[in-house]
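Student: Here is what each chain is made of, one letter per residue.
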Amino acid sequence: MTPATPLLPPADWRDFLALTKPRVLSLVVFTGLCGMLAAPVAIHPVLGFTAILCIAMGAGAAGTLNQWYEADLDAMMKRTAGRPLPAGRMERQSALHFGVGLGAFSVILMGLALNLAAAAILLVSILFYVLIYTVWLKRRTPQNIVIGGAAGAFPPLIGWAAATGQVALLPLLMFMLVFLWTPPHFWALALFVKTDYANAGVPMLPVVAGEKVTRRQIGLYTIPMAFAAVLPWPLELTGAIYGLSSLALTGWFALLALKVAARTTGADDAMLPEKALFKYSILYLFVIFAALVVDRWMA
Amino acid sequence: MRQDDEDLVRARQKSRSIVMAVLLGLFVILVFAISLVKIQQGIDAR
Numbered sequence: 001m002t003p004a005t006p007l008l009p010p011a012d013w014r015d016f017l018a019l020t021k022p023r024v025l026s027l028v029v030f031t032g033l034c035g036m037l038a039a040p041v042a043i044h045p046v047l048g049f050t051a052i053l054c055i056a057m058g059a060g061a062a063g064t065l066n067q068w069y070e071a072d073l074d075a076m077m078k079r080t081a082g083r084p085l086p087a088g089r090m091e092r093q094s095a096l097h098f099g100v101g102l103g104a105f106s107v108i109l110m111g112l113a114l115n116l117a118a119a120a121i122l123l124v125s126i127l128f129y130v131l132i133y134t135v136w137l138k139r140r141t142p143q144n145i146v147i148g149g150a151a152g153a154f155p156p157l158i159g160w161a162a163a164t165g166q167v168a169l170l171p172l173l174m175f176m177l178v179f180l181w182t183p184p185h186f187w188a189l190a191l192f193v194k195t196d197y198a199n200a201g202v203p204m205l206p207v208v209a210g211e212k213v214t215r216r217q218i219g220l221y222t223i224p225m226a227f228a229a230v231l232p233w234p235l236e237l238t239g240a241i242y243g244l245s246s247l248a249l250t251g252w253f254a255l256l257a258l259k260v261a262a263r264t265t266g267a268d269d270a271m272l273p274e275k276a277l278f279k280y281s282i283l284y285l286f287v288i289f290a291a292l293v294v295d296r297w298m299a
Numbered sequence: 001m002r003q004d005d006e007d008l009v010r011a012r013q014k015s016r017s018i019v020m021a022v023l024l025g026l027f028v029i030l031v032f033a034i035s036l037v038k039i040q041q042g043i044d045a046r
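Order-wise, the sequence lines are chains A and B. If you count the first sequence from 1, position 190 lands on 190 in the UniProt record's numbering, and the numbers rise without skipping. If you count the second sequence from 1, position 42 lands on 42 in the UniProt record's numbering, and the numbers rise without skipping.
Only chain A is shown next, with the shape it has when bound in the complex (with noise of 0.2 Å):
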């Protein structure tokens, strides 16, 4: 006879709320919006509410069932101990339920109140984000981040899906901007919190290839990154506003970058640098989409 467990009174709301990562939340919350306010065809802003409502609970659905799937790994990492599972402040099957209807209404919604690609982009990107990068890749390669990171991509091009029914090309480059710009963004704080990686055993890249390969790697993806950043100008895909802006921004990302890239450090490295491309790069994302909406507007 197995000991009983003990029962666990009901999570606390917050909790619930908590497990679909809130601050993450935002930057999907926000380029997504940028996507739809990017196309060409004015969306109602009823409709337009309920698109970004749905994009924001079907991010907040993936991350409920990593958190979910990742209780172990979240376990052993000082950043993630405190999250509502490893903390014993809630049953994983109410999680795993949680995770699964809020992830099923939010496609539904989009589906019937917007239109079915947008539903259908969403979906993918929900399924991508839980069984390709949680489930598949994340305990298994060290560029789990690299292909993951397209789960990350998908809202600008839902949200763009969401006004006109369909993808064009602009879209699609906001889509590989977001994707090639998460190794970097990653890599910087993968290389600031290794030793809490190490720890739980999941194979980022400077735990299982060290810090030099992880340095030229960030320099080596923000080449492509910054192509597609600055690409949409030369295409007239946008004007000048967008162009300029994005050269400016991307050119001090590159510098970060360069600076991190050629690096080395000592043992007791307060890795300033690191610390700070990680923080621009955030601050980057929210500036250069801002910048692609102001520009479409004013076009």
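Don't read these hints as lab results, they were simulated from the structure. C-beta atoms are modelled at their ideal positions from N, C-alpha and C, and glycine is treated no differently. Hints are not guaranteed to be accurate.
Said to hold, decoys possible - Label-pair distances were calculated between CB atoms; the ranges are:
| no. | chain 1 | residue 1 | chain 2 | residue 2 | range |
| --- | --- | --- | --- | --- | --- |
| 1 | A | Ile108 | B | Arg46 | 25 to 33 Å |
| 2 | B | Gly42 | A | Leu244 | 39 to 47 Å |
| 3 | B | Gln13 | A | Ala81 | 25 to 33 Å |
| 4 | A | Ala104 | B | Lys14 | 21 to 29 Å |
Said to hold, decoys possible - Rough simulated footprint, nothing fancy, chain B against chain A, three-plus residues with beta-carbon under 8 Å:
| no. | stretch |
| --- | --- |
| 5 | 7–21 |
| 6 | 37–47 |
We have chain A; now place chain B onto it with these hints.
Tutor: Positioned in the frame of chain A, the structure of chain B alone reads:
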């Protein structure tokens, strides 16, 4: 079950019920608004 535990369970149930009721109310309003927009778009398309 101790009195403290029971109070905690009741408090959690109450707060979750309130949040659920608010969300359902907002969802009803959203569906109503979407319906109005869709009907209007249907009329405009004729």
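Student: Can you let me know if the beta-carbon spacing of Gln13/B and Ala81/A is within 25 to 33 Å?
Tutor: 27 Å, holds
Student: For the range 21 to 29 Å, tell me whether the beta carbons of Ala104/A and Lys14/B fit it or not.
Tutor: 27 Å, holds
Student: Between Ile108/A and Arg46/B, does the C-beta distance stay in 25 to 33 Å?
Tutor: For Arg46/B against Ile108/A, whose Cβ atoms are near 28 Å apart, the range 25 to 33 Å holds.
Student: Checking C-beta pairs, does the stretch 37–47 of chain A have three or more residues closer than 8 Å to chain B?
Tutor: It holds, with 3 qualifying residues against the three required.
Student: Quick check: the stretch 7–21 of chain A, covered by chain B? Criterion 3+ residues, Cβ under 8 Å.
Tutor: With 5 residues close enough to chain B, the hint holds.
Student: Cβ-Cβ distance between Gly42/B and Leu244/A: within 39 to 47 Å?
Tutor: 43 Å, holds
Of the numbered hints given earlier, the model fails none.
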